Amino acid sequence: MKPPRRWPWWTWARRTTAAAFLTLLVLGVRSDYHWLVGSTTSTRLFGVVPFADPLAALEVMIASRSLTGTLVLGAALLMLLAVLLGPVFCGWVCPLGFLLDLNASLRRRVAVKLVLKSRWKMPAWTLPRVTRALVLGAVVGFALVGRYPAFQTLSPINLVVWTLQWGVTSAALFLVVLAIVEWVAPRLWCRSLCPLGGWLALLGQWARLRIGIRRELAGRAPCHRCTLHCPMGIRVMEDHSLAGKPAVDDPDCTRCGSCLEVCGQGVLHWQWGSGPRNHESSPDAQHSDGNSSETKHLSGRNPHGDRPGTVDVGTSEEVAGRSRQASRPPAG
Amino acid sequence: MIGRREFMGVLGVVVGAGAGGLWRSVDGGRETPHRLRPPGALDEEDFLAACIRCGQCIVACPYGTLRHDDEGRLSDRGTPYLVPRETPCFLCKDYESLRCIEACPTGALEDPGDVESIHMGVAVIDPKTCLAFNGVVCRACWHECPFPNQAIRFDSLLRPVIVEDACIGCGLCDKACLAEPSAIRIVPTVDREGGKP
Numbered sequence: 299m300k301p302p303r304r305w306p307w308w309t310w311a312r313r314t315t316a317a318a319f320l321t322l323l324v325l326g327v328r329s330d331y332h333w334l335v336g337s338t339t340s341t342r343l344f345g346v347v348p349f350a351d352p353l354a355a356l357e358v359m360i361a362s363r364s365l366t367g368t369l370v371l372g373a374a375l376l377m378l379l380a381v382l383l384g385p386v387f388c389g390w391v392c393p394l395g396f397l398l399d400l401n402a403s404l405r406r407r408v409a410v411k412l413v414l415k416s417r418w419k420m421p422a423w424t425l426p427r428v429t430r431a432l433v434l435g436a437v438v439g440f441a442l443v444g445r446y447p448a449f450q451t452l453s454p455i456n457l458v459v460w461t462l463q464w465g466v467t468s469a470a471l472f473l474v475v476l477a478i479v480e481w482v483a484p485r486l487w488c489r490s491l492c493p494l495g496g497w498l499a500l501l502g503q504w505a506r507l508r509i510g511i512r513r514e515l516a517g518r519a520p521c522h523r524c525t526l527h528c529p530m531g532i533r534v535m536e537d538h539s540l541a542g543k544p545a546v547d548d549p550d551c552t553r554c555g556s557c558l559e560v561c562g563q564g565v566l567h568w569q570w571g572s573g574p575r576n577h578e579s580s581p582d583a584q585h586s587d588g589n590s591s592e593t594k595h596l597s598g599r600n601p602h603g604d605r606p607g608t609v610d611v612g613t614s615e616e617v618a619g620r621s622r623q624a625s626r627p628p629a630g
Numbered sequence: 008m009i010g011r012r013e014f015m016g017v018l019g020v021v022v023g024a025g026a027g028g029l030w031r032s033v034d035g036g037r038e039t040p041h042r043l044r045p046p047g048a049l050d051e052e053d054f055l056a057a058c059i060r061c062g063q064c065i066v067a068c069p070y071g072t073l074r075h076d077d078e079g080r081l082s083d084r085g086t087p088y089l090v091p092r093e094t095p096c097f098l099c100k101d102y103e104s105l106r107c108i109e110a111c112p113t114g115a116l117e118d119p120g121d122v123e124s125i126h127m128g129v130a131v132i133d134p135k136t137c138l139a140f141n142g143v144v145c146r147a148c149w150h151e152c153p154f155p156n157q158a159i160r161f162d163s164l165l166r167p168v169i170v171e172d173a174c175i176g177c178g179l180c181d182k183a184c185l186a187e188p189s190a191i192r193i194v195p196t197v198d199r200e201g202g203k204p
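Heads up: the sequence lines are chains A and B, in that order.
Just so you know, we're using our numbering here: the first sequence kicks off at 299 and counts up by one.
Just so you know, we're using our numbering here: the second sequence kicks off at 8 and counts up by one.
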């Protein structure tokens with residue numbers, strides 16, 4: 299089954315929010331439309347409502363050993379959003395994520411051509427996703443001892459905005475390097491390095507908004523197109539250990555809906571609310587209403603999603619070109 | 008039982024703290040001229056810690072005085088500074104409050120209460136190039152100074168003298184100076200306390 303050509307509403311919505319966020323930030327500096335003034339680290343909407351990047355706020359609070367009302371309020375708003383909805387910032391707002399998304403679709407198109415014509419495969423290197431925790435820790439540790447928010451001067455998210463706002467040449471060069479790296483190691487930054495994503499995922503691990511799975515519609519041999527398209531490298535059909543309502547239970551899920559977009563079977567759906575997590579319970583207790591042999595096979599895997607996201611993103615054409623690989627679950 | 012994520016996080020804190028200590032030991036010894044900070048800025052070290060690099064003060068400045076640091080030291084990137092010879096700080100004389108301080112979300116710029124309590128830096132006059140020191144009658148700096156006769160006085164030979172306790176470092180005199188290059192240099196507070204002139 300071919301993926302639909304047209305973007306579904308949520309892809310429109312998230313691309314629009316990300317583009318609007320970036321546009322307003324640039325207009326806030328370059329024009330007189332001061333609707334959203336600031337950088338990704340901290341902004342004010344219409345000069346009143348403060349927003350602060352939860353990681354930048356954390357760094358500044360640790361480095362300066364002080365709190366201000368504006369900063370706490372601004373960070374609390376976005377932290378609440380992450381707690382309720384998960385790391386939606388990554389999939390729906392982040393300017394860098396937006397650009398890397400476009401970069402990835404370009405790469406995918408080129409990759410399809412290469413695979414079909416020459417049987418040559420694009421390299422897809424990766425780092426384990428736990429690396430993000432290391433970077434997050436390092437950023438906090440540096441703020442504590444180094445006493446300045448180091449990530450905010452290095453963050454490619456910031457650099458995208460700065461380049462467009464102030465025309466920073468060195469930042470632009472760095473971003474070009476990052477874009478090139480993304481062609482050999484797709485989504486390396488988002489999956490394995492971004493400490494902001496790591497922090498938001500940490501906050502949003504019990505979020506109410508989920509990608510739900512209707513396992514009964516999936517059949518015995520899932521096509522795994524969702525997994526192949528997940529920008530975070532989540533094994534979609536396997537990461538669902540929530541009791542009662544099976545849902546993607548990987549804290550790194552950005553709720554971008556890429557998996558829903560490509561799912562031709564109607565297995566995946568947006569879901570609000572879920573039962574309590576039961577990672578600790580025995581595998582047999584989960585999905586007791588489902589197919590028991592399948593349940594055992596799937597829940598025997600680590601549900602934390604700590605494994606490296608080794609699956610390359612590809613379109614259905616690319617998948618078809620490598621049908622032997624795609625027909626089995628894409629394990630590393 | 009500690010998970011891989013938690014272990015990596017703790018390992019990261021240790022690595023980051025080590026890098027931070029290394030950075031401070033290297034960066035602290037480096038003798039580079041510091042940036043002149045906006046009014047109300049905390050002491051340089053606290054300012055760098057508290058500034059979230061959002062640029063709201065830069066946009067808020069009605070005179071276009073503040074600049075976005077794009078090529079300075081790594082720890083300075085994204086912070087606001089001013090080059091008074093090109094655009095000095097007008098202390099928001101046409102407004103009720105200092106706009107940059109109002110815009111700052113983190114308290115890196117702190118309201119000093121009144122304009123006289125600002126300490127951005129201090130003007131230093133170079134007698135070699137100052138016209139008044141070389142036989143020309145010139146009062147350009149004194150005319151522009153927001154605190155004439157307090158921050159800039161004249162000695163018996165009509166040469167300008169800076170009163171360091173009253174000078175706040177706004178740089179209006181630097182901008183006004185008729186000599187080329189300017190005979191006045193605004194030394195940021197941090198460089199003065201560091202033992203420099």
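Treat the hints with care, as some may be off.
From chain A, some residues computed to sit far from chain B (all C-beta separations above 12 Å) [as the list claims (entries may be wrong)]: (1) Trp-308; (2) Thr-309; (3) Ala-317; (4) Asn-401; (5) Arg-406; (6) Leu-412; (7) Lys-419; (8) Thr-424; (9) Leu-434; (10) Gly-439; (11) Ala-469; (12) Arg-506; (13) Leu-515.
A few chain B residues that face chain A, going by a derived Cβ cut-off under 8 Å, partial list only [claimed, not checked]: (14) Arg-11; (15) Gly-16; (16) Val-21; (17) Ala-24; (18) Glu-51; (19) Glu-52; (20) Arg-60; (21) Val-66; (22) Tyr-70; (23) Thr-94; (24) Pro-112; (25) Val-168.
Hints listed in this document are in silico derivations from the structure and should not be mistaken for laboratory results.
Quantities reported herein were computed from a predicted structural model and do not represent experimental measurements.
C-beta atoms are modelled at their ideal positions from N, C-alpha and C, and glycine is treated no differently.
Hint check:
1. Residue placement check: A/Trp-308 keeps its beta carbon more than 12 Å from all beta carbons of chain B (closest about 28 Å).
2. At roughly 29 Å from the closest C-beta of chain B, the C-beta of A/Thr-309 stays outside 12 Å, upholding its exclusion from the interface.
3. Listed as outside the interface, A/Ala-317 is consistent with that label: its C-beta sits roughly 20 Å from the nearest C-beta of chain B, beyond the 12 Å cut-off.
4. Separation of A/Asn-401 from chain B is adequate, the least Cβ-Cβ distance of about 24 Å exceeding the 12 Å criterion.
5. With a least beta-carbon separation of about 29 Å from chain B, A/Arg-406 lies farther than 12 Å from that chain, consistent with its non-interface assignment.
6. For A/Leu-412, the non-interface assignment is confirmed: its Cβ lies about 34 Å from the closest Cβ of chain B, beyond the 12 Å cut-off.
7. Remark: the non-interface label on A/Lys-419 is consistent with the geometry, its nearest Cβ contact in chain B lying 29 Å away (cut-off 12 Å).
8. Distance check on A/Thr-424: its Cβ is at least 16 Å (rounded) from any Cβ of chain B, clearing the 12 Å threshold; non-interface status holds.
9. Listed as a non-interface residue, A/Leu-434 fails to keep its Cβ farther than 12 Å from every Cβ of chain B; the least gap is roughly 6 Å.
10. The beta carbon of A/Gly-439 is not kept farther than 12 Å from every beta carbon of chain B, the shortest such distance being approximately 3 Å.
11. With a least CB separation of 8 Å from chain B, A/Ala-469 falls inside the 12 Å interface cut-off, contrary to its annotation.
12. Non-interface call for A/Arg-506 relative to chain B: holds, since the shortest CB-CB distance, roughly 22 Å, exceeds 12 Å.
13. With a least beta-carbon separation of about 32 Å from chain B, A/Leu-515 lies farther than 12 Å from that chain, consistent with its non-interface assignment.
14. Because the smallest distance between the Cβ of B/Arg-11 and any Cβ of chain A comes to about 5 Å, under 8 Å, the interface hint for this residue holds.
15. Hint on B/Gly-16 holds. Least Cβ distance to chain A is approximately 4 Å, under the 8 Å limit.
16. Taking 8 Å as the C-beta cut-off, the interface hint given for B/Val-21 holds, the closest approach to chain A being about 6 Å.
17. The closest approach between the C-beta of B/Ala-24 and any C-beta of chain A is roughly 4 Å, which is under the 8 Å cut-off, so the hint is satisfied.
18. The beta carbon of B/Glu-51 comes no nearer than 11 Å to any beta carbon in chain A, farther than 8 Å, and the hint placing it at the interface is violated.
19. The restraint placing B/Glu-52 at the interface with chain A holds, with a minimum CB-CB distance near 7 Å, inside the 8 Å limit.
20. Interface hint at B/Arg-60: satisfied, since its Cβ lies 5 Å from the closest Cβ of chain A, which is below the 8 Å cut-off.
21. Nearest Cβ of chain A to the Cβ of B/Val-66: about 5 Å, under the 8 Å cut. The hint holds.
22. Checking B/Tyr-70 against chain A: minimum C-beta separation of about 15 Å lies over 8 Å; hint violated.
23. For B/Thr-94, the suggested interface contact is broken, since its CB lies about 16 Å from the closest CB of chain A, more than 8 Å.
24. The beta carbon of B/Pro-112 is positioned within 8 Å of a beta carbon in chain A (closest approach about 4 Å), and the interface hint is therefore held.
25. A cut of 8 Å between beta carbons decides the hint on B/Val-168: the least distance to chain A is about 37 Å, and the hint is violated.
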